[in-house]
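Protein chains: 4
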Amino acid sequence: MYTSDTQIRVRYAETDQMNVVYYGNYAQYFEVGRVEAIRQLGLSYKDMEASGVIMPVVEFTAKYLRPARYDDLLTVRTTLKDCPVDHRITFHQEVYNQEGKLLTTGKVSLYFLKKDTMARTGIPDYLAEKLAPYF
Amino acid sequence: MYTSDTQIRVRYAETDQMNVVYYGNYAQYFEVGRVEAIRQLGLSYKDMEASGVIMPVVEFTAKYLRPARYDDLLTVRTTLKDCPVDHRITFHQEVYNQEGKLLTTGKVSLYFLKKDTMARTGIPDYLAEKLAPYF
Amino acid sequence: MYTSDTQIRVRYAETDQMNVVYYGNYAQYFEVGRVEAIRQLGLSYKDMEASGVIMPVVEFTAKYLRPARYDDLLTVRTTLKDCPVDHRITFHQEVYNQEGKLLTTGKVSLYFLKKDTMARTGIPDYLAEKLAPYF
Amino acid sequence: MYTSDTQIRVRYAETDQMNVVYYGNYAQYFEVGRVEAIRQLGLSYKDMEASGVIMPVVEFTAKYLRPARYDDLLTVRTTLKDCPVDHRITFHQEVYNQEGKLLTTGKVSLYFLKKDTMARTGIPDYLAEKLAPYF
Chain U
1 MYTSDTQIRV RYAETDQMNV VYYGNYAQYF EVGRVEAIRQ LGLSYKDMEA SGVIMPVVEF
61 TAKYLRPARY DDLLTVRTTL KDCPVDHRIT FHQEVYNQEG KLLTTGKVSL YFLKKDTMAR
121 TGIPDYLAEK LAPYF
Chain H
1 MYTSDTQIRV RYAETDQMNV VYYGNYAQYF EVGRVEAIRQ LGLSYKDMEA SGVIMPVVEF
61 TAKYLRPARY DDLLTVRTTL KDCPVDHRIT FHQEVYNQEG KLLTTGKVSL YFLKKDTMAR
121 TGIPDYLAEK LAPYF
Chain G
1 MYTSDTQIRV RYAETDQMNV VYYGNYAQYF EVGRVEAIRQ LGLSYKDMEA SGVIMPVVEF
61 TAKYLRPARY DDLLTVRTTL KDCPVDHRIT FHQEVYNQEG KLLTTGKVSL YFLKKDTMAR
121 TGIPDYLAEK LAPYF
Chain S
1 MYTSDTQIRV RYAETDQMNV VYYGNYAQYF EVGRVEAIRQ LGLSYKDMEA SGVIMPVVEF
61 TAKYLRPARY DDLLTVRTTL KDCPVDHRIT FHQEVYNQEG KLLTTGKVSL YFLKKDTMAR
121 TGIPDYLAEK LAPYF
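Chains as they are written, first to last, in the working numbering: chain U, 1 to 135; chain H, 1 to 135; chain G, 1 to 135; chain S, 1 to 135.
Honestly, I wouldn't trust all of these hints.
All copies of an identical chain are treated as equivalent in the list; a pair is satisfied when it fits inside any one copy or across any two copies.
What the hints assert, rightly or not - Taking lysine-lysine pairs in the PhoX-like style, the calculated list, with each CA pair at most 25 Å apart, reads:
(1) Lys130 x Lys101
(2) Lys114 x Lys101
(3) Lys130 x Lys63
(4) Lys46 x Lys101
(5) Lys63 x Lys115
(6) Lys46 x Lys115
(7) Lys81 x Lys63
(8) Lys115 x Lys101
(9) Lys63 x Lys114
(10) Lys46 x Lys81
(11) Lys63 x Lys107
(12) Lys63 x Lys101
The hints are simulated quantities; they were obtained by calculation from the structure and are not laboratory data.
My request is simple: use the sequences and hints to build the entire structure.
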């Protein structure tokens, strides 16, 4: 299992008139969590794209337990429970506020695609190598 | 069953550097679909809030089958398969492009809450009455 | 002078906890206004990009006179006071609510650039021809 | 003069299909810059709102010199050139990338308003005191 934490400060723009973070904005928080999880492995998603592999989202689920509020300092926890064995990778994601309360849980699945042909491909070797010690 | 269609033109801001609509933006498209579904019943969500009932999202799922692209004229189809019997309401949502291709499917559950106390409440009578003929 | 009107319904996502539209979202409203202004000429910005000309924004100003609110049906008025004579085009933009109140004024300047080289270029002939009758 | 720097990592969601940060998203970057400028004084905008003073934006200008790109680590520099003497406060804002290149300059003016009456008010004493040493 590989787990990574990253912090995000809630922006004013991300609130709505219900005085909470708009439900759609968690997709961005989860994205930041995934990108930082990859960076903490010593890689970068930006470099992955540059080297020819893109990772579009194919499935997204979220449960909203408690609201996040303006200026909250959130912790986004991103977990890989399994090392991907084919073109699909699934991240489990949780958002906590500064009091340690669990606000949101989610699961995001992405495909590995070759950027030039959009054909499915396996997990890149450099990513598999970095993940191997955790599984 | 109650079904409603509404159209949305994809904005440049909604694309990302993968040349498709960012996956998080479908939450907004689904929101517009739900709001217009209520408006087509002769009600408005704005008035519901003003009369004391808010509807926060508690669960969200989406499957991304095909990408939406800049300037696409999308049809958002919003369906209630069951009339809500308690504080929870679930919308089934689909997004089609101008060629009739199904791009995205989703399901969004919301709670009816009293705005002043944030306590769960049932579906408002005026909404239940408007929906009754469809079930 | 060329003027075009288009309508936009304020989305819940576009409000913030001040119960008004977040100031940054007017950039999207103005974008929609410009794109529809071009469409009303019988062209499309999407096709312009496909034919090799992109139009990045180089300058943006906005004055916020009155707030827009959730579910408002806004009119975005987009005006070209002068036909562009070089690589720069400037749109004057106004946002009105459904009561005819002027909410926001703005001015957005963009460059015509060749997509492949990012070099400045003049206004495309097909756009100049469509605009000519108005000046 | 009071100057504050804060860093922002560009999110995938903030790019558009021109492969750069969408021009409207700088409003959020500038907002983060202002909020962190206030935090670095030992105050918080969140507390200001809670104590009854809100600060809506009344004017916004930006010049886009060079594009920001996905995953750039931006520095947002926020400067008060003058201490506000009435209900208006003006921030000068600059965005640099990780190579020290100036990407964007802007100016944002806000009003101090009483939250309950929306009447204009002067700068709160606690903010004026914190700023006094810099002018």
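Structure-based check of each hint:
1. Lys130 x Lys101: neither (31 Å within a copy, 33 Å between copies)
2. Lys114 x Lys101: between (39 Å within a copy, 23 Å between copies)
3. Lys130 x Lys63: Neither: 30 Å inside a copy, 29 Å across copies.
4. Lys46 x Lys101: Between copies only: 20 Å across chains, 31 Å inside a chain, cut-off 25 Å.
5. Lys63 x Lys115: Between copies only: 21 Å across chains, 31 Å inside a chain, cut-off 25 Å.
6. Lys46 x Lys115: Both. Shortest intra-copy (13 Å) and inter-copy (22 Å) distances satisfy the 25 Å Cα cut-off.
7. Lys81 x Lys63: both (19 Å within a copy, 21 Å between copies)
8. Lys115 x Lys101: Between. Shortest inter-copy distance 23 Å satisfies the 25 Å Cα cut-off; intra-copy 39 Å does not.
9. Lys63 x Lys114: between (31 Å within a copy, 20 Å between copies)
10. Lys46 x Lys81: within (23 Å within a copy, 37 Å between copies)
11. Lys63 x Lys107: both (9 Å within a copy, 12 Å between copies)
12. Lys63 x Lys101: within (14 Å within a copy, 28 Å between copies)
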